[in-house]
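*Asks:* Combine both chains into one complex, guided by the hints.
Sequences listed follow chains A and B, in order.
Under my numbering, the first residue of the first sequence carries the number 1, and numbering increases by one thereafter.
Under my numbering, the first residue of the second sequence carries the number 1, and numbering increases by one thereafter.
No lab work stands behind these hints: they were computed from the structure.
Treat the hints with care, as some may be off.
Mimicking DSS-like on lysine-lysine, the simulated pairs with C-alpha atoms at most 27 Å apart in a straight line are [to be verified]:
#	chain 1	residue 1	chain 2	residue 2
1	A	K89	B	K524
2	B	K516	A	K89
3	B	K234	A	K89
4	B	K234	B	K359
5	B	K95	B	K568
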Amino acid sequence: MKIKFAISVFVLALLMIGCGGKTEKKDESFTVDRKKSSEKVEQEASETSQVPASQRITLDNKGVGQIKEIALDPEINQEMATAGGELFKTNCTACHRENKRFIGPKMQGILERRSPEWVMNMILDPKLMTEEDQCAKDLLVEFNGAAMSNQNLTVEQTRSLLEFFRTL
Amino acid sequence: MKKIYYVIGGLLAATLLYIGCNQAAGTNTNGALASSAAEKVYVAPGEQDEFYAFLSGGYSGNLTVYGLPSGRMFKEIPVFSQFPTSGYGYSEETKPMLNTSFGFVPWDDSHHPDISQTNGELDGRWIFINGNNTPRIARISLETFETEEIIEIPNSAGNHSSSFITENTEYVIAGTRFSVPVPQRDMPINEYKGNFKGALSFISVAPETGRLDIKFQVLMPGFNYDLSHPGRGKSHGWHFFSTYNTEEANSLMEVNSSQNDKDFIAAINWKKIEEYVDNGGGTKMPANYAHNVYSHETHTGTSTMKKEVLTVDPNEVPGAIYFLPTPKSPHGCDVDPSGEYIIGSGKLSADLTVHSFTKMLAAIEAEKFDGEAYGIPILSFDDVMAGIVKSGGLGPLHTEFDASGNAYTTFFISSEVVKWRLGTWDVVDRKPTFYSVGHLMIPGGNSRKPFGKYVVAMNKITKDRYLPTGPEMEHSAQIYDISGEKMELIYDFPTHGEPHYAAGCPAELLAPKSKKIYRLDENKHPYGINNPSEARVERNGNEVHIYMSTIRSHFTPDNIEGVKVGDKVYFHITNHEQDFDVPHGFSIIGQNTSELLVMPGQTKTSIWEPKQVGVWPFYCTDFCSALHQEMQGYVRVSPANSNIELSWSLGE
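The following block holds chain B by itself, in its conformation from the complex (with noise of 0.2 Å):
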């Protein structure tokens, strides 16, 4: 009996070793592969991402920032829609930024931001991004992370190959995706063919400022410009335009507009055009657009509207404008670091095509033309090819490269991003991205100076990759780690909106120059008051206009009478503070607008139109210290007819 107890002690035993040692190999192996992933984006408590990653905000019409490698969050930047968040596009100094030559135009659908450059070499000073559905193009600062300006573009209708930065940042171009008629007329649509046209904008940036002006548009053919980008190193002084609907198909485009075996990369030596009208040439055309400029002195926007634009017919400028014939449809149209190569995604196929710079000039120089399209002379195709990557994908759409020499592209259909040589175009190796990738994003990636470390791809499909939250899912986004010669998914993070291209740099570019607070010293907004001795209520007619300062914790005035039902008040918060992180918000009961949340050192106007009588309270909105719940105030509202005096006050 002893003996089987022992016996059976043994085997337990045994096997209880056996499973142990098992379990703790098979912890170990997953527990290396696992925390080496995990090492890699791991971003400790109180230590700071590498990298800032801008992300578009897509159909959200913002921009978001992120950290990289930690996919970290870190705000929301209000472009072309109103935000209640901060009260942009619902306070009276942001409202005119959203104003277009449609009136106001609360929101639109951001696509493809771009950092300013130098040299070819990411300057860190501003991020443009385009708005799709509307066209315009914001400027943003660097330092703020705020939007600063935003213009409309006339005769341009989905904004799509947009905004990208020339090596000097001397242009943002910004191309129609949709042809139409130019100018806007009353027309069949079937008449779309030869009469429709595609501007492309050439929009200046002015170096100390930034300010934006369109300095003229190129009136193309009525085809679709898909995406661009501009020339580099050797090519700087062109700009590539993928274009798709050759056709001009006007219905059915999922058909119409694919028949062609092969559409055009539009290769654009803007230097010529721009010499062309430095001298004179061009049209100019009645317009109508808005020109909205935000200024960080008077925390206030300005609304313009411009009625005139400068538009250039190809033909004007022979010798300035060629077509590469480019196969299926091309979406993606990008350039090297060297900028030699122009690569065109053919997104029906599973091919990518290189055009080559140098082949091109030999073969404008040798005249070497394979006909015209509307007075444009086509290139042979194979004149200027460089070479064809067959991928084994399928789908190609962007592609993004690092500094040794490689190039990433993302495939749609068949959801991966695959890593080539540039010049052997041999594939180095493919990952899968979850789920459906469109654009992908290396910091530096389509600048000269690339910073090859983390790729990010954006996809469009979610699935099951976090815990489900109904039908509508944040779309998500992967992070690989391409320091070495394969490259390997570390991260998954969900990004806001419906990202399509990004933009990244290093931190260090721009967290130094980071502003931490608007000095109230240097605050211009006429309705600001730098000290609260200044605070006041004053009556004009049926406006009540309130001057209040905030510091922690309370408003200056928080008592105040005599405002009647049928006012129009508008309350100016100037915040006090001068410390940094330190904003203050304001609500009132009943604001058909939203909250502002009033940085330090700024101004900003909420209008209220008090409905009924009462004693109304305000509150700061945002948790500022201690007594955060005491900073409060009240308004007495008296019927219409009422005689009382107008009145504020602060503790007494």
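Here chain A stands alone, though its shape is the one from the complex (with noise of 0.2 Å):
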């Protein structure tokens, strides 16, 4: 008696949400307490920092790559932050935006966070620096794993867009 009770309540359920696929009303068919993946990433992360990689600072640090030392001169140099910006359009912007996180960090204050050098060689060889700078590294898992393209871009272009870079 109790099997057939609960055949018939389950037909029944099976019945509604056959129905129910008509209203395309947001169903929160289930709910679990989930973290959100970048708050698990954090706990992961904190080996070497309790800050995620995308909020830390790391001024001294000039990464891995062919740039050694980058002197910026204090005046933007305007002709070539726009070529930088072209550049951006063309390049970066299928996974960056400038003001806000999307596939990859925003660029907004970027030289806040990382030195000049640190940003030209991420461009110039992302997969040389997710392999030996730690910065690098841990960005790419807060980042959910999503690796840095490698563009082929020239230092005279990468140095462009790190001019940019200054003007957001």
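*Replies:* This is the structure:
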């Protein structure tokens, strides 16, 4: 008797689900107390620091790669920054936004967190950086394993991107 | 009792030792032999091959790229056939490449690849290959390893004595195997004799761009023009074609075209004919043939129908064409690196006939003719023959050369490769092939500069060489080390389709210039977008154009609404990656064509015609990153009469 009842409840439930599709209302079908993956990531990354990599200040770290020392002129070179802005549009916006987190970190304020050398090395050889630079490694984890693409830019193009970031 | 134990024990120990030693010795002997062959073909992980080998794909219609000596296959280059792996022949951009005067022909039978040359040496700019069935010649870039151009050959049928390249890539030469009425017309088949013609086409190659153009066609008597090779060195300016069916039979050819004791090798002085047409000679004939060109800037092929071809009647250019009698239905027609010897392989014979270019010129000079065929002088066999190779084999087909005066000929019936000396005609060595070998290839072996280290024999029958895979098996190929006096069989490998001829060259000729990406800033595709902010969806009647971009690992946009049943949806996908070896794929449920595989910086287009209302997914087919499984999107398809506006988004 109990079983029969259970089956008919089940059938009813199925019927209801079947009909329910019509409404297209957001159906909170199940809720579990889940943490956002980014929170979980922070805990994993905490071996090196409690602060998420994207918020860490690592201005002393020049990263790994061909760029060893960059001296920035106090004046922003507008021509270079404009060229960099164009490059940003074609080569970076698939994953980066100027002022909000997207696939990768936002670019606004990047030079308050990272050294110019680190930024250029990251653009020029993201694979090497994520293998050998701790901050880049942690960023890869924090950003869901979305590896940064090597866009095959020249040093000169990368330098102009850096100038563009200074204007943000 | 103890004694017995000792005796037994002693005997046992001795036996064990004996067996042990014996086995050790045996293993060593085998090991030494096996390892020397193994070492020769072993390319250790991470290391690269010494040579590229390009094997025709036969009835696959394509061209396959292998490494030597490893026999590893690197790529299948789609040429004459649709290729779902990349979308070639399915994408909107590449459909025009397969256009012909017969409409869209998505397949062919590819036979004889040949690499471009400068001064008779391989220069590695392009490789050419013929489509045998619906006569076409393709030019493939050796920077992108993609088909760049296909030209159809009018008046030809069974485009077999093709595609052979002259010493400075002046011409790609394409001859017809089957003679046909020229121009084509409705006539009784049994009136073949004297009425059909064999068109031999000389297709010029523009020195900078490689662009193909049929400069002229020589309309020869109605024989079968089987294979050909250009003269080189002293014989540069001439081209040699083997012929059979000089009987001009039109039925039961197996018997009827093997009646004559000798057929011909046709020697054509193309420089003389070129001069004739440059001075206004020849007859323009109405024709209809497709010329398809692919641009790496627009990533798009265009097809143009050409309406005229310049033909030459051999009798109008006296002194340009001669017939060299050659026994037993010659198949292969090969020219040695010096250009002096022309080797005709009478396929129904045991012997090879070698003609001398010098003797041929002398006989022409002395006007020692044995007769004529349709006005073309026939030279006397004894006046042009340099020597006969008494091979002891049966069914000679093709010959290639090394750099030290040796020739290597395949024998189909007796299944072997025979090595012999040019000049003395002595057989030096012979090795069996497995089984029934057709062509063979030595890298550079049909040029002035062969790289005589390996020969690859391509066999027609596989039988027991590999684990059986049902009635149909891939054809087998064998690699022989030819660096010593005796040839040594060092490796077997399976091939794809039925490779006929092949071409090979040193890896360093191509590897350094092999293209890695297409530059996004050079992309001139009309539907390409060079940044994601240009991604959009536009409607034009029932055509919907989606301008979409990809980068690891998302499509922009990935949610599209406002598409309706009955729409023709064009997905124009631009891959925004600029890194080596990061293609993205595109596929959508119910696609009636194929997926697209889009290289970095490239744009490709797929048409999708949704037939059912619903929300349909699309995804990337090429495992592109750790988040590849997330690379997907949805298209909402509404009823035909819906008024839902077009909209698109990513991450909103």
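*Asks:* Now tell me, hint by hint, if it's right for this structure.
*Replies:* Results of checking the hints against the structure:
1. A:K89 <-> B:K524: Holds - the C-alpha atoms of K524 of chain B and K89 of chain A are around 17 Å apart, at most 27 Å.
2. B:K516 <-> A:K89: Holds - the C-alpha atoms of K89 of chain A and K516 of chain B are around 23 Å apart, at most 27 Å.
3. B:K234 <-> A:K89: Distance of about 59 Å is beyond 27 Å: violated.
4. B:K234 <-> B:K359: Answer holds: K234 of chain B to K359 of chain B is near 13 Å, not above 27 Å.
5. B:K95 <-> B:K568: Satisfied, since the Cα-Cα distance of roughly 17 Å is no more than 27 Å.
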